[in-house]
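Just so you know, the protein sequences line up as chains A and B, in that order.
Going by this note's numbering, the first sequence opens with residue 16, and the numbers climb by one from there.
Going by this note's numbering, the second sequence opens with residue 16, and the numbers climb by one from there.
Since the hints were made in silico from the structure, they are not lab data.
Keep in mind that this is a model prediction, so the values were computed, not measured.
Please note: incorrect hints may appear among the correct ones.
Because identical chains share one entry, a pair is satisfied inside a single copy or across any pair of copies.
Said to hold, decoys possible - Simulated pairs of lysine-lysine, DSSO-like, Cα-Cα distance not exceeding 30 Å:
(1) 141 x 226
(2) 295 x 141
(3) 383 x 295
(4) 146 x 295
(5) 295 x 144
(6) 146 x 17
(7) 295 x 376
(8) 216 x 146
(9) 222 x 377
(10) 403 x 437
2 protein chains.
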Amino acid sequence: MKAYQELSREELISLHEELLKEYDAWKEKDLTLNMARGKPSSAQLDLTNDIMTVLGHDDYYSEDGTDLRNYGILDGICEAKKLMGDVMDAKPSQTIVFGNSSLKIMFDTVSQAYTFGILGSTPWCKLDKVKFLCPVPGYDRHFGITAQFGIEMIPIPMDENGPDMDLVEEYVNNDETVKGIWCVPKYSNPTGIVYSEETVKRFAALKPAAKDFRIFWDNAYALHHLYPDIDVDIPNILEECEKAGNPDMVYQFASTSKITFPGAGIAAMSASEANIEEVKYRLSWQTIGYDKINELRHVRYFKNVEGLSTHLKKHADIMRPKFQATLEMLDKELSDLKIARWTNPLGGYFISFDAMEGCAKKIVAKCKEAGVTMTEAGATFPYGVDPKDSNIRIAPTFPPLDEIVTAVSLFITCVKLVSVEKLLEE
Amino acid sequence: MKAYQELSREELISLHEELLKEYDAWKEKDLTLNMARGKPSSAQLDLTNDIMTVLGHDDYYSEDGTDLRNYGILDGICEAKKLMGDVMDAKPSQTIVFGNSSLKIMFDTVSQAYTFGILGSTPWCKLDKVKFLCPVPGYDRHFGITAQFGIEMIPIPMDENGPDMDLVEEYVNNDETVKGIWCVPKYSNPTGIVYSEETVKRFAALKPAAKDFRIFWDNAYALHHLYPDIDVDIPNILEECEKAGNPDMVYQFASTSKITFPGAGIAAMSASEANIEEVKYRLSWQTIGYDKINELRHVRYFKNVEGLSTHLKKHADIMRPKFQATLEMLDKELSDLKIARWTNPLGGYFISFDAMEGCAKKIVAKCKEAGVTMTEAGATFPYGVDPKDSNIRIAPTFPPLDEIVTAVSLFITCVKLVSVEKLLEE
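Chain A with its partners taken away, still in its complex shape:
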């Protein structure tokens, strides 16, 4: 196949007619498929059904003998702090186990900084201007939180090593209104990028102008390898920050949402002891504690972090063929045409797809018109605005394989069609 750019106008016109017919044929199929959400499939959820019954009728004591049915224990039962701490390479003393949602922890963390400040700094609500750096493309729900608080979001481009660290350093080290940065350091949402060792170390070595600057290190996919035999690891951010003299500069987050059941899992935060002490003090005004029985349920089921990793290998066995099928189709149909680029992730839940500039919204709309819902174009950028209108997040985990093949086929047709239309306009 020839690259589309090399086709003559006549060739493009005839190709356009062909693609229109193809597209119309798709529309007649009356599809209703969804490739939008990073949800585990039913087959993945089935892997964990035994957790429902792992706690017997009288199994409610923690290893230190506490009756976990009653009030008490604000920061998580000791064995759950160990488990979730190990997920994040953190000590139990650096870890708090919360409820079911790491997103909620992140929202609350921003909210507390906004209202009460961080370790004695001025509450952000009292400042004229607060900014966050937002590596792009990124996770729409991160940007949603900062948007709610009126925090100005500055997009930071990413390459295969993570965010552009020259730019991050320039902002963080010189602008004291920059109070935070959203990071998904491993199998980034949606690119699948794994931050390089150098990137992590440059993060740890930042010299923030604002003493209440914090890295929001959302380690959502810490253990979520698609190819468990390929060794993917990143330095321990808590340790690196400590070594660099910035022990308090990072809040780390993780959850079991994509390990057990989304919504019925446990979520956790880790940070320096000084940060943890502040968070615990503030928590003490909010709740008497989180669901300790569910924490125990998770510990009983997995025993330790190795148990989690073993379990995630079974997830990977279900997810990998879906990623591979998607990538093979994109490769076969699009790689020669020079109208798109996409990532080949080793973990996480997404493939990030870049169409020609100005085409993403039209592609997603065409898919929608023919019955396939993709993540909204722009969602991966602050304020929902992708300045190049190019990025589309593909989520190939939830539908069964045959539906993914159908949806990706249609998607490819739409990419071709919209690209040809763009070339014809030029």
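Based on the hints, put chain B in the right spot on chain A.
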């Protein structure tokens, strides 16, 4: 027994010597007992152990067929909204089911009003002054929330019908800086007072100067009768507010913390559809949803609100003897002495005890010194300051009956001793 006020100085001195001996004998017993926290006892918790195993390995569909293991459903599964709505006399459309803690919902509700405002009003953080009315004695954790946000708390006296409504009306209807009031309308913490029909109706008929004034109606003990055969009911606050033309004036809260397991229960909020819509919109930025499996667990176990009530009768059977023993001892030992008053609650978790003015802190300290922890004196007032230093919250639910008898005996000795000392000082 003669009232202490009628004793001569000589009689008081000799009584004081006797009581000191009695107290010293207590100290030698090396007690470690706790009457401080409103916690259910182990025997109460045992009532619910079957909930641990009520969901089978493949029981995870809601009645509308949704797979509850996955992401989705922000406001609670339909059957849990029905169940918790019924607890609060609210329609499912007026109800959101959250995580495990109603305190956390209340904190977040104040926090959202502080940061974002209510239905278009100015966020409280942008105002110079925000005040809350605090019926006293009340729940320390309510006051803790408002204190955190720097909200000025105004104590409102209570009588057997609830808060002094003349005063409430004067403040709410004339002062637009008054933005809220904390209420526990049924079996109030700690007095056990049940708001009268007139009180509820006067609440509903308030004409707030501030259009973002809200009643925080913490219906924590809606079903928690100690004497289930005695009919205790209060008007439906949501309906009354609607009838009075104030549909949006109230947020209501409830949980199963003292029905199933504290910490592993479910909590809910109910309010007008307009309020609920706003809360849901804001929630949509915070989380993808709460623990739906735990919601289903509760629905399967109780089936409906009648199931909850039946279950609470078993709780009452365990709690009632403890309340009765405490009250009988107080009656027998103190009623003639005219040095104290206390409540005789028909439900809830507490007895409220008023010592002579200036004696509460000393009584609690004496108890502590002899090994019995009571709720800190003053805790039932805003800022921890009881202006009369008179109120003590007695929590007779957690310890076994024999320990309660011991603890209350010591408490009575301390009350007598401190009262005599006060009279001798005069």
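Could you tell me which of the hints above the structure violates, numbers in ascending order? 6 and 9
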